[in-house]
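Undergrad: Knowing the structure of chain A, use the given hints to seat chain B on it.
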Amino acid sequence: MLHDLSLDVRAGELIGLLGPSGSGKTTLLRIIAGLDAPDRGRILFGDDDATGLAVQERAVGFVFQHYALFKHMSVADNIAYGLNARRRADRPAKAEIKRRVGDLLDLIRLSGFGDRYPSQLSGGQRQRVALARALAVEPRVLLLDEPFGALDAQVRKDLRRWLREIHDRTGQTTIFVTHDQDEALELSDRVAVLDRGRLEQVGTPDEVQEHPASATVMKFLGDSVEVAAIAEGGRVLVRGRATPVVAPAGIIGPVRLYVRPWQLQLAEPEAAHLSGTVRSSYRTQGRQRIEVVDAEGRILAVEDSDGVRYDAGHPVGLRITGGHVFG
Amino acid sequence: MVETPRPKRTFRRPSVIPGFGISFGYTLTCLGLIVLLPLAGLVVKASGLGLSGIWEVATDPRVASALRISFGVSALAALVASAFGFLVAWVLTRYRFPGRKLVDAAVDLPFALPTAVAGIALASLYAPDGLVGAPLAKLGLQVAYTPVGIFIAMVFIGLPFAVRTVQPLIAEIDREIEEASATLGATRLATLTRVVLPPLIPAVLTGFALAFARGVGEYGSIIFIAGNLPYVSEIAPLLIVIKLSEFDYGGAAAIATIMLGISFLTLLAINLIQAWSRRRFGYV
Numbered sequence: 016m017l018h019d020l021s022l023d024v025r026a027g028e029l030i031g032l033l034g035p036s037g038s039g040k041t042t043l044l045r046i047i048a049g050l051d052a053p054d055r056g057r058i059l060f061g062d063d064d065a066t067g068l069a070v071q072e073r074a075v076g077f078v079f080q081h082y083a084l085f086k087h088m089s090v091a092d093n094i095a096y097g098l099n100a101r102r103r104a105d106r107p108a109k110a111e112i113k114r115r116v117g118d119l120l121d122l123i124r125l126s127g128f129g130d131r132y133p134s135q136l137s138g139g140q141r142q143r144v145a146l147a148r149a150l151a152v153e154p155r156v157l158l159l160d161e162p163f164g165a166l167d168a169q170v171r172k173d174l175r176r177w178l179r180e181i182h183d184r185t186g187q188t189t190i191f192v193t194h195d196q197d198e199a200l201e202l203s204d205r206v207a208v209l210d211r212g213r214l215e216q217v218g219t220p221d222e223v224q225e226h227p228a229s230a231t232v233m234k235f236l237g238d239s240v241e242v243a244a245i246a247e248g249g250r251v252l253v254r255g256r257a258t259p260v261v262a263p264a265g266i267i268g269p270v271r272l273y274v275r276p277w278q279l280q281l282a283e284p285e286a287a288h289l290s291g292t293v294r295s296s297y298r299t300q301g302r303q304r305i306e307v308v309d310a311e312g313r314i315l316a317v318e319d320s321d322g323v324r325y326d327a328g329h330p331v332g333l334r335i336t337g338g339h340v341f342g
Numbered sequence: 002m003v004e005t006p007r008p009k010r011t012f013r014r015p016s017v018i019p020g021f022g023i024s025f026g027y028t029l030t031c032l033g034l035i036v037l038l039p040l041a042g043l044v045v046k047a048s049g050l051g052l053s054g055i056w057e058v059a060t061d062p063r064v065a066s067a068l069r070i071s072f073g074v075s076a077l078a079a080l081v082a083s084a085f086g087f088l089v090a091w092v093l094t095r096y097r098f099p100g101r102k103l104v105d106a107a108v109d110l111p112f113a114l115p116t117a118v119a120g121i122a123l124a125s126l127y128a129p130d131g132l133v134g135a136p137l138a139k140l141g142l143q144v145a146y147t148p149v150g151i152f153i154a155m156v157f158i159g160l161p162f163a164v165r166t167v168q169p170l171i172a173e174i175d176r177e178i179e180e181a182s183a184t185l186g187a188t189r190l191a192t193l194t195r196v197v198l199p200p201l202i203p204a205v206l207t208g209f210a211l212a213f214a215r216g217v218g219e220y221g222s223i224i225f226i227a228g229n230l231p232y233v234s235e236i237a238p239l240l241i242v243i244k245l246s247e248f249d250y251g252g253a254a255a256i257a258t259i260m261l262g263i264s265f266l267t268l269l270a271i272n273l274i275q276a277w278s279r280r281r282f283g284y285v
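Chains as they are written, first to last, in the numbering used here: chain A, 16 to 342; chain B, 2 to 285.
Think of the hints as simulated: they come from the structure by calculation, not from any bench. Keep in mind the model is a prediction, meaning the values are calculated, not measured.
Pair by pair, the computed Cβ-Cβ distance ranges are: (1) A:ARG313 to B:VAL104: 58 to 68 Å; (2) B:ARG95 to A:ARG271: 48 to 58 Å; (3) A:ASP167 to B:TYR96: 37 to 47 Å; (4) B:PHE98 to A:SER134: 29 to 39 Å; (5) B:LEU29 to A:SER134: 25 to 35 Å; (6) A:PRO107 to B:ARG95: 28 to 38 Å; (7) A:ARG103 to B:ARG279: 30 to 40 Å; (8) A:ARG103 to B:ARG281: 18 to 28 Å; (9) A:SER134 to B:ILE18: 22 to 32 Å.
Ideal Cβ placement from N, Cα and C applies to all residues, glycine included.
Same shape as in the complex, but just chain A (with noise of 0.2 Å):
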């Protein structure tokens, strides 16, 4: 289900759409690769009106979650598949697809594997073989349906990276779909947040981040505390006490403060806007993480460098540094 929306993909961008499962993310790319219909609205590729066009006149390069190879067919002839199947009058000399299918396999650190059938490869071979396919037909727009999803963690980031560097290299259009915060806001130039059906907010990975255009947003980006708050005289009040935060112009009253765990520090319970007793704390990659439990019995994530460890039951005040607000 899709509700109307509007995105505009500028020329050479590498835009990821970001949202949870089932937010039409991936519905929205295959209206745009022609493999389903939108019941209406139309898909533009720059002034040339596509809706009316069939897949195959598309000439978009899809990639599949599962990679889709012809599993009969080589890895040379998966990659020659859309050079040989066009018109005779379009389709390029043997010895020039030859070529091309090299530079291809040059491309994705592939070459000698030519001859081999998918079965063979692994899952990160497969799906580079899968792009090098869809790269071959050079198309407008290089559309890849959660590309890395069923790739191991350590696959997944070299991929990234690699994926990353080729789009640099060739400067391809290419929108990908992702529910991974961490991969959309690493490999993307714009970020697309997708909630049912709804395109919540389109900017930067800092845009987004820096200011999410909603509670939705703020939530999907990352670890947040909603906090009840009260806006001001133009700053945000928790429990009567100002914090660093600025109320948006115009909202007066009972907000949602939104906070993420390193823009809370432990306190003294008499300065703290929050307090509560710790849980757990741990170490991961260099930080400490504070897990701290309120009177409501929610679990606050405090992200603190001062690597004082805390222990179970000890009670603690928390500081807002920061946040967001939504009315």
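TA: Positioned in the frame of chain A, the structure of chain B alone reads:
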């Protein structure tokens, strides 16, 4: 580093699943008792005639003609059953329509029907005064009591094999490979012939082999529709029955042995093609 001793070369691969010995022995015993023993008895009986005797039977014009009809018409019928069966399987798995389950169940009927019943039904249908036979007769086509009748009976009994062998594979076709092919610019026809069909070839061959084997061995449904004219529409199994009723057990065994040999070679050849096509189409 410790040198691991070279494992002894055995039949058996190391496995955590126990019971290799017992299951292997059991399998061989069953195969031997149920399949190989009767066949061996057949060959022993036929060898009573000596090689020259078997050769004499094989070159007898009536026998040679019956063998030609049996194997030739079976091959043709298996070919048609494969093509037609493929279509049936395709429609049954790819489309949803009212009555699909019913049609799906009806496919198996030739399996279940006593072959004689099928034969009588086909014969009365295709007889010159039958429901289908009469209009065909007007066109100058006679089906019953000719090799065409044999062909129709063989297609009838071979069809379920052709359908059931490809059906599960058609159901397993990944929609995404068709979509991938389309996004790469391939027409629907190219997608079918280059992406969808090639992986199905081994299964189609299996269906062909089964339909062919069934056709060669079929007796009951054919004798009613064939008319059984020597040199025209007489099949080899019927000839065996005739020899038996004349108490010519040696001759019957000889024909049977010849059929066995040809069938075995044909099925072996099909199996080899299949193994090759499996490799060719990436079932590694």
